[in-house]
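Engineer: Chain residues, written in single-letter form:
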Amino acid sequence: MTPDSPLTASGLSVDYGDATIVKNIDLKIAAGQITALVGPNGCGKSTLLKAFARILRPKTGHVTLQGQPITSYATRDVATRLAILPQGPVAPEGLTVTELVAQGRFPHQTLFRQWSPGDRAAVERAMDMTDLAEFADRPVHSLSGGQRQRCWLAMVLAQDTPLLLLDEPTTFLDLKVQVDLMALLSRIVHEDGRTMVLVLHELNLAAAFADRIVMMREGEIVAEGTGAEVICPDQLRAVFDLRADVIADPETGRPVCLPRTPDHVPMHALAAAAE
Amino acid sequence: MNATRTIFAATGFWLCLGGVVLAFLWHISVGAKAIPLGVVWQAITAPQDGVFDHVVVRDLRMPRAIFAISVGAALSVAGALMQGVTRNPLAEPGILGLMAGATFAVIIGIGWFGLAGSAYVPLFAAIGALIGAVLVWTIASAAPGGATPLTLILSGAAVGGFLYAIESAAILLNEDTFRNFRVWLSGSLTGRDMQTYLWALPWFIAGLIAALVIARQVTALAMGEETAAGLGVDTFRIKVIALGAVVVLTAAAVSVAGPLGFVGLVIPHVVRLFVGSDYRLIVPFSAIVGAGYVTVVDIAARVVLAPVEISTGIVTTMLGAPMFIWLVRAKL
Amino acid sequence: MSMTTLEGFGGRLALRVPYRAVLVSVGLTVAIIGVLTWSLMTGSYPLDGAQVWATLLGDAPSDTATTVVWEFRFPRTLVAFIVGAFLALSGAALQYVTRNPLADPSLVGVSQGAALVVVAVTILAPGMGYYMRPILAFGGSLVVAALILLASSSRRGGETLRFILMGIGVAALISSVTSALLTYGDIDRAMSALGWLAGSVHSVGWDEVRWLTVTAIFVVPAFMAAARPLSAIRFGEDVATGLGIRVRMARWGLIILAVALAATAVAAVGPLGFVGLVAPHLARRLAHSGVGMHLVLTGLTGALLVGLADFAGRAAFAPVQIPAGLVTAMIGVPVFVALILRTQARSQL
Chain D
1 MTPDSPLTAS GLSVDYGDAT IVKNIDLKIA AGQITALVGP NGCGKSTLLK
51 AFARILRPKT GHVTLQGQPI TSYATRDVAT RLAILPQGPV APEGLTVTEL
101 VAQGRFPHQT LFRQWSPGDR AAVERAMDMT DLAEFADRPV HSLSGGQRQR
151 CWLAMVLAQD TPLLLLDEPT TFLDLKVQVD LMALLSRIVH EDGRTMVLVL
201 HELNLAAAFA DRIVMMREGE IVAEGTGAEV ICPDQLRAVF DLRADVIADP
251 ETGRPVCLPR TPDHVPMHAL AAAAE
Chain L
1 MNATRTIFAA TGFWLCLGGV VLAFLWHISV GAKAIPLGVV WQAITAPQDG
51 VFDHVVVRDL RMPRAIFAIS VGAALSVAGA LMQGVTRNPL AEPGILGLMA
101 GATFAVIIGI GWFGLAGSAY VPLFAAIGAL IGAVLVWTIA SAAPGGATPL
151 TLILSGAAVG GFLYAIESAA ILLNEDTFRN FRVWLSGSLT GRDMQTYLWA
201 LPWFIAGLIA ALVIARQVTA LAMGEETAAG LGVDTFRIKV IALGAVVVLT
251 AAAVSVAGPL GFVGLVIPHV VRLFVGSDYR LIVPFSAIVG AGYVTVVDIA
301 ARVVLAPVEI STGIVTTMLG APMFIWLVRA KL
Chain R
1 MSMTTLEGFG GRLALRVPYR AVLVSVGLTV AIIGVLTWSL MTGSYPLDGA
51 QVWATLLGDA PSDTATTVVW EFRFPRTLVA FIVGAFLALS GAALQYVTRN
101 PLADPSLVGV SQGAALVVVA VTILAPGMGY YMRPILAFGG SLVVAALILL
151 ASSSRRGGET LRFILMGIGV AALISSVTSA LLTYGDIDRA MSALGWLAGS
201 VHSVGWDEVR WLTVTAIFVV PAFMAAARPL SAIRFGEDVA TGLGIRVRMA
251 RWGLIILAVA LAATAVAAVG PLGFVGLVAP HLARRLAHSG VGMHLVLTGL
301 TGALLVGLAD FAGRAAFAPV QIPAGLVTAM IGVPVFVALI LRTQARSQL
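Protein chains in written order, with our numbering: chain D, 1 to 275; chain L, 1 to 332; chain R, 1 to 349.
Don't take every hint at face value.
Said to hold, decoys possible - Estimated spans, in silico, between C-beta atoms of each pair: (1) L:M194 / R:M191: 27 to 33 Å; (2) D:G42 / L:F13: 42 to 48 Å; (3) D:G42 / R:L124: 52 to 58 Å.
Treat the hints as calculated values from the structure; they're not laboratory data. Just so it is clear, CB atoms sit at the ideal spot from N, CA and C, and this is done for glycine as well.
Modelling step: build the complete structure from the supplied sequences, incorporating the hints.
Structural biologist: Shown next as structure tokens:
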């Protein structure tokens, strides 16, 4: 791990309502890499991501952004260093793709300097990268789910930050679109030298594209490392209660998880569990 | 429903009914001149023509008490049906535009078409209530996101404001015709004659019977449309009947008392706290408790600022709106 | 969208200018001037357009013309325009902040709060200074808005949904208290309050113009500064935070602005309904634009709407005057319904 991690959490706990969702987490995000947060539903991975992005205020502990506590920055200065794409964002009616992407320039603008050549360049670059030029003047609402997700991604790219945090960017997309999107994210990180943290639902997608994987369960980090280090049958059973085999992808060598049905569980036990 | 619960429910029902009878008698006894409950009872059971108090009770006070009871029962049952069928805890004839529609139709029917006969009043009210309901539902469904509780209530408020504006303009343009309606418009039990009530009575009865008949299916519908269909309920038919019952009940109530807000919201929720989610219980209990509630509210409306009388509708809103606020906070 | 970029001062000033929106706003301004002229011409003492402008420019054809225009018609029409712009902007701000296209100051209790205070003052303390009215109305609306916000805040999120529903409940409650006050109060005072409650520009004069202008001087620049946070807030709390907005503070500030505008307008002419609901939607239909330009268009549209409503209300059934508030409600709702139905039809294509 690089010593100068751009984003770290130390002793971080986050409450939501009466429940503690994230419990005393220490984590350093590796610079220039994709880190995927994975774990079963309700394990606190999205909450951790939001705490990293100062959307949720931690109960104890703190987040450090580029060496300083994130709370010591003005929120707009945070926004020039760190961009977050929350889960399932909704665009206002009638907004066009260019307008949505241009919104990413917000932290770089002032009341009297609302649209500079720098803004235009950043928006064009973001739309190039995400291959959106042909949709520029279309309303966001008229696009398909995958195209829409690319618009949002372009918006956070236009924010032009070294750090990108994405919450389940692939949810509700077709498999092919998921893979395309992940390949795009991987290119952005490795060609542009940015750092990315993703919350992912799909374990195999994380294994195929993430440089580092953080496995969480019940608000705590269970395992952390490269895909090969972290994804093994024992971990899957411990974190997901999942019986699975892990094989190596013959092409990339990355781990692939093959879930197995719990065939030794008798039917009546399943029925009982269902109730 | 097991035996214990049946006994429990029956006991509760008779207790509530007793309460309503007491409220009824109390309502009659209160007034410019207090008449003792005993005399009231006598006037009802064994009237004597020569006794002044008996005449006051039978000709002046009892009709108003009967109006209160009928209107309270009708609105509460209408609210219960709406909440069950639409699965919207905030549904109520006043909130979802039925009352505004009924009021509007009565004003226009009488003002523009000059239909003074009291027989027409419930009919106009019913047509108006139906139009109001359809309008609110159509607007809400067309709004982004569809007919959610939020869009339904907002479109109810918008339709209500719209119709109210036209009513106000109509009144401004023809003050003489509408002088009598000013009080009625704010929801009041004063000044209605027995004639109107008698014309509305069949509507009350038809609506209540329909509500009781479909109560069992409404329980299923309240669990969700698909669940109900799966249980063999003809959901479309039940919804149509429920809409019909709600329209008829609202129309009858508005004909007699004008718009009484929030009665249909408050009572079913209170009733549900005690009897659970079975509409075979909710419907009759709503009728009884609602009858008692409006009777007591009407007493308060007459007594609190006496000799000035506040419109009953103002009081039901003052009491009901906090309940609405609480429901929003607790359920949404 | 066709735009051009405006730059100056070594790149320190750099704005995008959408052509169509600018054209539309010019068109709206022309229409407002037209309604102004028309409105000043019409009445029991008719004037023609030339006479109206001569009078306005200080060269009146007769003393009567001076009196009619300067004492009655001109201040009244000005108030209608300003109030319209205020209510429209208030509605737009509420719609952006709550992310709900159906929000409106007269639906969510803000107008009712102002109305209650004004009615209470009219009935219980009729001697109170006239200038206190807008301040008290602002106080009343602010208390109501604060109550609604507090009651709707919760750790579970979904605050904007509850804000609107709470608002409707509170509006009903406050209206019933207002009605009770009217029942309780002295009949003459109650009648005067009742006329005001219908939303009438009938009896206003230069006093109202004065304090509306003072409010505008404070609030309009604040609104211009607010356009930027608004453009981020419409994406929702999380995205806005990510873009560097202090959402909570911005939301409170915007709601206070919206309340101030609505309250001042209500204090002047009574609760005019539905302008805040309709004007932002109409403006959006007229020209597609960013938030700042949309606010400009919304203000102009609102001014035009209430100007027209006032004019229609006094011309249609003369000599009976229909209060502008009733006209805005009668026009506003059908227009609004048509707008959302059209949106729906188009998005299904």
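Engineer: Hints the structure violates: just list their numbers, smallest first.
Structural biologist: none
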